[in-house]
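Student: The primary structure of each chain is shown beneath.
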Amino acid sequence: MKNELLTGAELVVRGLEHLEVSTIFGVPGGAILPAYDPLYDSPIRHILARHEQGSGHMAEGYAQATGELGVVIATSGPGATNLITSLNNALMDSTPLLAITGQVATEAIGNDAFQEAFTVGLTMAATKHNYLITKASEIPQVLLEAKHIATTGRPGPVLVDIPKDILNEKAEWIEPKLLDLPGYKPTLEANPKMIQQAVDLIKESKKPLLYVGGGIIHSKANIELFDLAKKFNIPVVTTLMGRGAFPDGDDLCLGMPGMHGNYTATTSIQNSDLLIAIGVRFDDRVTANPNFFAQNAKVIHADIDPAEIGKVRDAEVPIVGDAKSVIKGIIEKLGDAELETSDWIQEINTMKEEYPLNYKQEDKGPLKVPYVLEELQKMSDEDSIVVSGVGQHQMWISQHWKFTKPNTWLNSGGLGTMGYSLPAAIGAKAAFPDKQVLALDGDGCFQMTCQELITASTENIPLKIVVFNNGNHGMVRQWQKIFYNNRFSASELTHHTPDYVKLAEAMGAVGLRMEQKSDVKDVFQKMLEINDKPVLVDCVVDPDDMVFPMVPAGGSNDVIILSEEDLKKL
Amino acid sequence: MSERILSVLVEDKPGVLARISSTISRRGFNINSLSVGPTNIEGRSKMTIVTELESVEQVKKQLNKLINVIKIVELDPANTIESEVLLMKVSINKDSQTSVIEKANLSGAKSVDVGQDYAVFELTGTSKELKKFENLLKPYGIIEMIRGGRIAIQSNL
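Protein sequences, first through last, are from chains A and B. Be aware that the first sequence starts at 1, since it is given in the numbering used here, and climbs by one per residue. Be aware that the second sequence starts at 571, since it is given in the numbering used here, and climbs by one per residue.
Only chain A is shown next, with the shape it has when bound in the complex (with noise of 0.2 Å):
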């Protein structure tokens, strides 16, 4: 018997009920609107974004803290084109997105159409991979591809357009199967040479050093990375993607390198003999001038993306792998072996006493961002999920916080993108709605997607926000003190337009707000009290207040500028 006719639309909303998509974020229009009309029916929960680079980075932020498919729905033309950012964002920070565009209608393509733009060729570079639809029966099969391609090997941003009367054409649902993808085959078990070569050198080493990031936590290695950690004593950094992977507050974590990395993680990686890293790219807010990087150390570089070995520094043991097989290769192979580190552990914690992260906090100064972060923490929940914007915030973040499990710190690394924190922050509350879902976020970010509260209040996600507002572009600030003269050129933003209290409750959310060491507790009490609606926090900070340690673009990781007074060393 003939299964029954569906639209392309309904094949859509079919298609990723079969996924088992449970949640998409989206905004309607035009060429996308039949696949509103079946959606109306399905138990998928669409959530209605207010500008779609925010429904983008929301679907990021729901896949990021569940490590599952984030999906995303948008109309043709300025719909497409918002998304660009997040599909981008997403790209750089390997976050599996599957995005749906309406496109014009497939004879008015190539016309100039009323909302036409070119979805494939402009995402072609912020996508892994992308198709354009040219008949309704391709739906579910596609559908299918994309979820594949977007969750596996180094996941990614995927994207389907579909022109408007593909939507509305009839085909049968025909139960898609995985089938064969010449060109897309990712090498998931690591070759046993390789790893027993990696293990020749682990055995070798004086000081090796895991040097891990977000492919740990894409891999769900973190048990495994722990084992191994532990049983060979063999310390940890891990970069601002990989925060999480490994717990911090443990004795071998040595947390955040790079340019605003700590002394001892930074210096750590100069000072090792050997580099085991994995899951990481070598990017240059890590290594500083490549040329100065880990000098003294030979590399075993393991990434599920055979593009990432050899791209920045060469390796002698590369590694083309899933992380969690690498890591659980290695430890089989060392076996028994007992590693020499006790020196090199040492070594390292004389550095941890001599130079630990620091702040002042004055009782009666202007409140420090490290300092209301400490608070925050102490009194938040263990596993509450913690999502930032870009800039100075991030940085201090990911120093201060301690971070004990993956999938908990959810940010912009590669992209840098300003306005991620709170739709991102959407996203994970969406996918965890009993957990305490933190967007701690600049002023200057919150601003740029700050209508996505809106979604919040009505929508009926109750997350908690704190706007770190030091009335500036805080990190451009910091660079102009420090690079160009204190010439405040289009940095300053005001610390009192807007008046974030009143735009919360505009908005519906509750507005609080701090500006003294002694609000902190009793505001921040408040504000996790307050469970059923949105609560966003006015957190007035020092704006001149600057990040440290810092090593400058393009320097070397050997010279760390730990403090205000260490600018002279420049």
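Some hints here could point you the wrong way.
[As the list claims (entries may be wrong)] In the EDC-like style, the derived pairs of lysine to aspartate or glutamate whose C-alpha atoms are separated by at most 20 Å in a straight line are: (1) Lys635(B) <-> Glu189(A); (2) Lys230(A) <-> Asp251(A); (3) Lys526(A) <-> Glu375(A); (4) Lys185(A) <-> Glu581(B); (5) Lys631(B) <-> Asp283(A); (6) Lys311(A) <-> Glu627(B); (7) Lys641(B) <-> Asp180(A); (8) Lys333(A) <-> Glu189(A); (9) Lys435(A) <-> Glu68(A); (10) Lys230(A) <-> Asp336(A); (11) Lys630(B) <-> Asp314(A); (12) Lys311(A) <-> Glu644(B); (13) Lys702(B) <-> Glu573(B); (14) Lys635(B) <-> Asp180(A); (15) Lys185(A) <-> Asp582(B); (16) Lys135(A) <-> Glu581(B); (17) Lys207(A) <-> Glu340(A); (18) Lys311(A) <-> Glu622(B); (19) Lys185(A) <-> Glu627(B); (20) Lys311(A) <-> Glu624(B); (21) Lys230(A) <-> Asp200(A); (22) Lys631(B) <-> Glu189(A); (23) Lys135(A) <-> Asp582(B).
[Said to hold, decoys possible] Chain B is nowhere near these chain A residues, computed Cβ spacing over 10 Å in every case: (24) Asn111; (25) Lys170; (26) Trp173; (27) Asp251; (28) Ser325; (29) Asp336; (30) Tyr355; (31) Lys402; (32) Asp434; (33) Leu493.
[Unchecked claim] Only part of the chain A face toward chain B is listed, based on derived beta-carbon distances under 7 Å: (34) Met124; (35) Ala125; (36) His129; (37) Pro182; (38) Tyr184; (39) Pro306; (40) Ala307.
Source of the hints: derived by calculation from the structure; they are not laboratory data. Bear in mind that the values here come from a model prediction, so they are computed numbers and not experimental data. Built from N, CA and C at the ideal position, the CB exists for glycine as well.
Model the placement of chain B on the given structure of chain A, informed by the hints.
Tutor: Same frame as chain A, now just chain B:
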């Protein structure tokens, strides 16, 4: 710097050429020649990419990430048969006509169209041979010239 030749087997799907060229320009790779055409396998095209990059490994790896790219082989120049087609329109007059056509024929070119004041030649050969031919006829006045891009195949050892 020596040339490196990549032979890239791709799925014959819309946009593949755009994906390849987007990746090449996105990563800042310079290429000398790119040609594309169908193969004996249905649904598969082959691209020949010639570059002088030392970091050809990065090009290979980045192109390999494209879902529509099936296989990339770097051809060993010592063992590669290479060919390219050229069409050239040369101006002629009564005085030059004979020597132009003679030179072209001696070079192995075929005259495919001859008019009162012009002749069109077709030549297939290595890029070196094509360059030589161009230099040979330059003095007579080249009106228009086009080269089809280099294609290459590995010889059996």
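Student: Which of the stated hints cannot be reconciled with the structure, identified by number in ascending sequence?
Tutor: Those not satisfied: there are none.
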